[in-house]
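Colleague: Here the protein sequences come in this chain order: E and B.
With the first sequence counted from 1, adding 28 to any position gets you my numbering.
Letter 343 of the second sequence, counting from 1, is numbered 336 in my numbering, and no numbers are missing.
Just so you know, the hints here were simulated from the structure itself, not pulled from any lab data.
Here the structure is a predicted model, which means the values were calculated and not measured.
Every residue, glycine too, gets a C-beta built ideally from N, C-alpha and C.
Incorrect hints may appear among the rest.
As the list claims (entries may be wrong) - Okay, derived cross-link-like pairs now, BS3-like style, lysine-lysine, Cα gap no bigger than 25 Å in a straight line:
hint : chain 1 : residue 1 : chain 2 : residue 2
1    : B       : 183       : E       : 278
2    : B       : 32        : E       : 136
3    : E       : 112       : B       : 366
4    : E       : 80        : B       : 328
5    : B       : 15        : E       : 88
6    : E       : 233       : E       : 278
7    : B       : 366       : B       : 32
8    : E       : 136       : B       : 333
9    : B       : 112       : B       : 341
10   : E       : 112       : E       : 263
What the hints assert, rightly or not - Taking beta-carbon pairs under 10 Å as the criterion, some of the chain E residues facing chain B (in silico):
hint : residue
11   : 80
12   : 122
13   : 129
14   : 149
15   : 192
16   : 196
17   : 265
18   : 269
Stated by the list, open to error - Per the computed footprint, the stretches of chain B lying under chain E, defined by three or more beta-carbons under 8 Å from a beta-carbon of chain E, are:
hint : stretch
19   : 233 to 241
20   : 335 to 343
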Amino acid sequence: MKKIALVTILLASSLIALTNLEIAQKADKTTDGFKSSISKTEMTLVNASGQKSVRELLMKTLEGENGDKTISTFLSPADVKGTKVLGHEHIDRDDDQWLYLPALKRVKRIASRNKSGSFMGSEFSYEDIGNQNYQKYTYTGEPQTVMLDGIECYKGERVPKDKNSGYTKQISWVDTKDFLIQKVEYYDRKEELLKTATFSDYKRKDGVWRVGKIEMKNHQNDKATILIWKEDKIKVGLSDKDFNKRELKK
Amino acid sequence: MKKLAFIALFPLILMSGEFEYKGNFGFETGYFHHDLDAKRDNSKALFLETELRYESGESEVVAKLKGVWDANDDNRRYVDFNDFYYRYNFENSDILIGRNTLFWGALEFYNFADVFNTKDFLDDPFDYDSKLGSWNVAYTYYLENSEVSLIAKLHEEDQKMQDAKSIYNFLPLPYNDNLKSKKRPSIFLKYSGSGDEVQIDYSLIYLNGFDENRYLSVENGFLRQNAYIVNKFIGFATLVLGDTIYKTELSYALSDDKKVSDYGQIGVGLEHTLYSLLDKKDLGLLVEYYRYESDTKTKNLFVNDLMLGFRLSMNDLSSSEILGGLDIDLDNKEKIFFIKYDTRLFDKYKLALSYQHLSPKSDSVFEKLQSLKLEFGYYF
């Protein structure tokens, strides 16, 4: 009888246990549905000796089934004020990206294939800043339930599908209650730990979870970048028209 | 009474919109090593650039002021508005009235497709991005992935020069900067588009009016610029394939002036960037080739030229960058080498250091020319 009970419990627990893929799908779902957003962010770059430099950005995003559209405008430092980056993400091919240089009034198409390049001199790469859709990864192994700073999390491994990714694998911590990403470790092409991102200050707005702070620590050069959302509005009624090249020159 | 009402309401009208401003001021200094006794070997100048933008509803007013005060050259003491325009944004189109600058082109070192504005020779003539605003009326209609513009440029701008003691004044005689035959408007029709599946941007332009190039004639002992009418066809495109960007510019001009023959220009180039080298530095490699063909012997700068260059982005706190290049004139072996270092200091200041070396052709006025320049500016 005891044996039957044990088998039943084991069977039941295996039926309700989540796979890494399912956890990623749920994590995606918690942050999906914002439709469009306007955010003011502050990016603080910290070098190995602790010196800091701050950049401010106004970011507009349009949620899309086949990838998001974004337009980022530099508000500071003053010498790059008005510089804009327009991005159209695609799941099945390279993203479209344009850079607008206000001093020259020039719109430049830029290459987007390489994902490992630094975003604005920060420890974030273009890959880290872009949409983290679960379909961009394959999931291996079984998730472990672990504690992270007093929060129960699923710890799992994901491998980027994009062969131009700067990473061979990522290990993520997703909390078991709300399925919010708490931490990600990034491993470089030599399979060595490169960076750790810590996610915090989540707020729930209109049924959608929004991150408030990401701290990216580079273990190989001792530099760090802290990204803070100063203002964040969702479901603001933006449309495709707000994300074309005309908007760059405005 | 109406006037009084307008004056009373004017502050309210202004308050209903949004103001935005930015700018910079600072100084630039240069040292020139050359062999011409009549030319100065240094320059010192203060500069100011400021942009004021006012938006209210769909209306927008932009004023961009540029001021220079040179310690030695009276011609370089001026204040000018290169941008001063009103734009109204409709749902799918906009109309612009006023003076402004535009950028047309795809290549990095020199853009012969960039014909809308006259180059500003009061700045360094090797700085091809320095331009004079043009008075115009422009209407642009926007489609999903493309746009069509019809622009009437009202007249041509006089092209002032630095004084005779400047190494950037190459003229053998005194110069009268009052351009001849400039009164007729020039009409531009421009179509630009982007690919849906292929990462390409392209533009086609037809110009009926004054060419950007001019020729000089002697009048009463002075050299004077002459503008001439052309029918010009221009195209430029940028294509991204993987990590490489391919660029081209083309133009063909049918001249209406007997002193200038028809001519054609082609430029091709590519840019390939190597990312995350030595602690996340990015290295961009550039190659460009320019060709100019005409029936008459011409003074055009880029007749058969190869440009090789690089851009090293340090991706550090100061956004430091080193840009270097070598222009080789394949006909007469003249070479220009330049390198520029640019960095930000304490978030509000910018410092730029540049060096240029000219290895002249055999019949050049220079036997040698080297310059070292420093620019320092405060940004707000």
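Colleague: Against each hint, give a clear statement of whether it holds in the structure.
Modeller: Okay, the hints, checked on the actual structure:
1. 183/B - 278/E: Measuring from Cα to Cα gives roughly 19 Å; hence the hint holds.
2. 32/B - 136/E: Measuring from Cα to Cα gives roughly 39 Å; hence the hint is violated.
3. 112/E - 366/B: With Cα atoms ~29 Å apart, residue 112/E and residue 366/B exceed 25 Å; violated.
4. 80/E - 328/B: violated, 42 Å
5. 15/B - 88/E: Given pair residue 15/B, residue 88/E holds - Cα atoms ~22 Å apart, limit 25 Å.
6. 233/E - 278/E: This hinted pair is violated, its Cα atoms lying about 30 Å apart.
7. 366/B - 32/B: At roughly 17 Å apart (the allowed maximum being 25 Å), residue 32/B and residue 366/B satisfy the hint.
8. 136/E - 333/B: Within the cut-off at roughly 21 Å; holds.
9. 112/B - 341/B: Measuring from Cα to Cα gives roughly 29 Å; hence the hint is violated.
10. 112/E - 263/E: holds, 22 Å
11. 80: holds, 8 Å
12. 122: holds, 7 Å
13. 129: Check passed: Cβ of residue 129/E comes within 9 Å of chain B, closer than 10 Å.
14. 149: Holds, because the Cβ-Cβ distance from residue 149/E to chain B comes to roughly 4 Å (cut-off 10 Å).
15. 192: Since chain B brings a Cβ to about 8 Å from residue 192/E, closer than 10 Å, the hint holds.
16. 196: For residue 196/E, the interface hint is violated, since the closest Cβ of chain B sits about 14 Å away, which is over 10 Å.
17. 265: violated, 15 Å
18. 269: Status holds, d = 9 Å.
19. 233 to 241: Check passed, 5 qualifying residues.
20. 335 to 343: Our answer is that it holds, as 4 residues pass the Cβ test (under 8 Å) against chain E, meeting three.
Consistency note: the structure conflicts with the earlier hints numbered 2, 3, 4, 6, 9, 16, 17.
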